[in-house]
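Visitor: Below, each chain spelled out in residue letters.
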Amino acid sequence: MTETEKSSRILTGRHLLGVAGLSVPEVTALLDLAENYVGLNRRADKKLSVLRGRTQINLFFEPSTRTQSSFELAGKRLGADVMNMSVKSSSVSKGETLLDTAMTLNAMHPDLLVIRHQHSGAAELLAQKVSCAVINAGDGRHEHPTQALLDALTIRRRKGRLENLIIAICGDILHSRVARSNIILLQKMGAHVRLVAPSSLMPPDAARLVPEVFTDMHEGLRDADVVMMLRLQMERMNGAFIPSTREYYRFYGLDEEKLRLARPDALVMHPGPMNRGVEIASSIADGPQSVIREQVEMGVAVRMAVLDALARNLETEGGGA
Amino acid sequence: MSPVTGLAGDPRRRAFINARLLDPAAGLDGLGGVLIESGRIIASGPEVTEGSTRGADEVIDCGGHLLFPGIVDMRVFTGEPGNEYRETLKSASRAAAAGGVTTMIVMPDTDPVVDEPALVDFLLRRARDTAIVRIAPMAAITRGLRGEHMSEIGMLQEAGAVALTDGRRSVTSSRVLRRAMAYARDFDMLVVQHVEDTDLACGGVMNEGELSARLGLPGIPRQAEVITLERDIRLVELTRARYHAAQISCAESLEVIRRAKEAGLPVTCGVSINHLTLNENDIGAYRTFFKVSPPLRREEDRAALAAGLAEGLIDVVVSSHDPQSADTKRLPFAEAEAGAIGLETLFSAALSLHHSGEVPLERLIAALSVTPTRLLGLEGGSLAPGQPADFAIADPETSWTVKPENLHSLSKNTCFEDRVFEGRVVHTVVAGRSVFTYD
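Those protein sequences? They're chains W and E, same order as listed.
Letter 291 of the first sequence, counting from 1, is numbered 291 in my numbering, and no numbers are missing.
To convert, take the position in the second sequence, counting from 1, and add 321; that gives my numbering.
These are calculated hints, taken from the structure and not from any lab test.
Backbone N, C-alpha and C define an ideal beta-carbon position, used for all residues, glycine too.
Any given hint could be a false lead.
Pairwise CB distance ranges, derived in the manner of DEER restraints [to be verified]:
1) E:Leu559 x W:Gly277: 30 to 36 Å
2) W:Glu219 x E:Ser359: 32 to 38 Å
3) W:Ala207 x E:Ile363: 42 to 48 Å
4) W:Val296 x E:Glu583: 36 to 42 Å
5) E:Asp442 x W:Gly287: 49 to 55 Å
6) W:Gly277 x E:Asp378: 53 to 59 Å
7) W:Ala207 x E:Gly605: 56 to 62 Å
8) E:Thr451 x W:Gly277: 36 to 42 Å
9) E:Leu352 x W:Pro204: 53 to 59 Å
Chain W regions said to be covered by chain E (calculated; three or more residues, Cβ under 8 Å) [claimed, not checked]:
10) 186–200
11) 247–259
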């Protein structure tokens, strides 16, 4: 690590619990740093020593393949010692509370704690009790800050900017932390965010979150620069929030006919994992406008940037010494 | 506006002259005529006379009788598919034609339940091939009418369903109804609810009160209706879905409807002709033909409903035509099925409210013909040029006696057996074609 990198502080906060607390310069700096790591990740030698000596614990109360492996890889590439704890193998399943687990882990002196939990506010609660930096990897339907950052990076690289882009977020917005974080972050960065969903999957008072809310996909996609599809969870599919997967695909699934209403150079995004033939047609997911695989690549870079930035704060606070 | 599919128009130019035209939609009330061609009205009003229609293929003198937009009956049960011995679309359509009903809205409580786009398609094809009036289906709100999972509302609408209802059943789960209403709103689909708290009404077979106590029959309190209606209106507040209470039966419900309308909510309600013209005393000696759902209430409820209709608080009058056969009706009162036929007697019974001075004739026509078309987004319900040539001609003075053997319905469970009515439909026209003439 060079002296300039050591001294340059990117984030003011100790944790990354959500994008809500980030300022525009902070976001820009994080994305710029992530941009550097994109280059690194494409090299043959991907290993840095930025986090050498640091301990990173990935505490996952909800099963996740891609987010967990993305954080693991990010930490390892920066030289941290990474430990994964998932709910199945931990004492949480034996009845220990979230805070008991947190205090136990805290006693082991980790530097970075990445948490994914099924309930909104879990990351916040943990952050109040531990002395290390906490990174929210998704809490309930509240926030998923690194997903929003990687989405922003993907868009910025492709479009050269975020300002004044029309971004349509479509699908199960009600239950989506990805949607919430993106609504906050992209609007903060000057984009025009639209929400598109059936009323049964739209959060209450959605019109207070964004200026434009659509229940008709055709109207919602008109002239969009980015079409961001959300995953429909299996338990919402059959008659509870929507009638059926075939009806959902018919009216809210992204197919060629609907995508034609967006701008011809519109990007198609999806946080994964996809339900092909439910929220998105395979031909679109694999088509020329899709940047879905690029999102995964940006995910590692953004998480490296976040880990790096928070570790710098530990040093300046003397917390890691 | 979507046309109710199924019937090809009569290509001929036909003139109906010397009629008393009554059309609250077009503001017509007076002597005149209607000129039709290719199944549509091309002129209507005082200027359509014998002299002005010389080139017509056919001129029919209405003899000063009442000519009004055909009735759109928003609540018709048939037995097709599944119980064709009770009623088919064909037999029901003949009963409808004889009663001036030009469009029947059929309920999804069939076997199988109409909760699937292919079944809507089937019904529309059967209607086109067998029926003599227009037929449009309502589809189930929830799959199998089980009240658990919403049906494929968008695809059902695309297939031709005109509204959503669980028919004889009430959607009891507030959570399920809330989501279905929210979803239906996106498609501007009307949600039609049978307003009854199933749990509170459980086991009841008639109105709860002194009479049920005397007859020794378990009762259904009026509150069973009011509770569900009030709950539903709260959900309308939440979802802004278009909501229609299929039938209300008591005075208290009128007040709930009044408050909802004053609050500007998209709430409407219907009433069956039975609840407007009969009361619980008609049950007499356990006569099961008077077992209907909701149950017939007290005379003061009936009078309040008639007043509510006159005032415009009640939007729609339906027959609630529900054919039941001897095997489901010739049973002890508590065991018998609810339901009465009514397509053929609907207009005559409604006319009795006009004769008694309780409801003005134009309000009756509005509630029978005009408002249902508007609520369902259908064409028609008016004699204005350009509209489908769907209308009925009635002689308001002729008296006739209801004889079950003369009724066209396959089932004979009428509440009006041997009743002498003053006035009846004498001629019915659907898509320009005369489908019924009284002789």
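Visitor: Run every hint past the structure and note whether it holds.
Guide: Outcome of the hint check:
1. E:Leu559 x W:Gly277: 30 to 36 Å: 32 Å, holds
2. W:Glu219 x E:Ser359: 32 to 38 Å: Taking Cβ atoms as reference, glutamate 219 (chain W) and serine 359 (chain E) lie about 36 Å apart, which means the hint holds.
3. W:Ala207 x E:Ile363: 42 to 48 Å: At roughly 46 Å between Cβ atoms, isoleucine 363 (chain E) and alanine 207 (chain W) fall inside 42 to 48 Å, so the hint holds.
4. W:Val296 x E:Glu583: 36 to 42 Å: 56 Å, violated
5. E:Asp442 x W:Gly287: 49 to 55 Å: 33 Å, violated
6. W:Gly277 x E:Asp378: 53 to 59 Å: This hint holds: roughly 55 Å between Cβ atoms.
7. W:Ala207 x E:Gly605: 56 to 62 Å: 57 Å, holds
8. E:Thr451 x W:Gly277: 36 to 42 Å: 38 Å, holds
9. E:Leu352 x W:Pro204: 53 to 59 Å: Holds, since leucine 352 (chain E) and proline 204 (chain W) (Cβ atoms, about 56 Å apart) stay within the stated range.
10. 186–200: Holds: 3 residues of the segment 186–200 of chain W have a Cβ under 8 Å from chain E.
11. 247–259: n = 3 at 8 Å, threshold three: holds.
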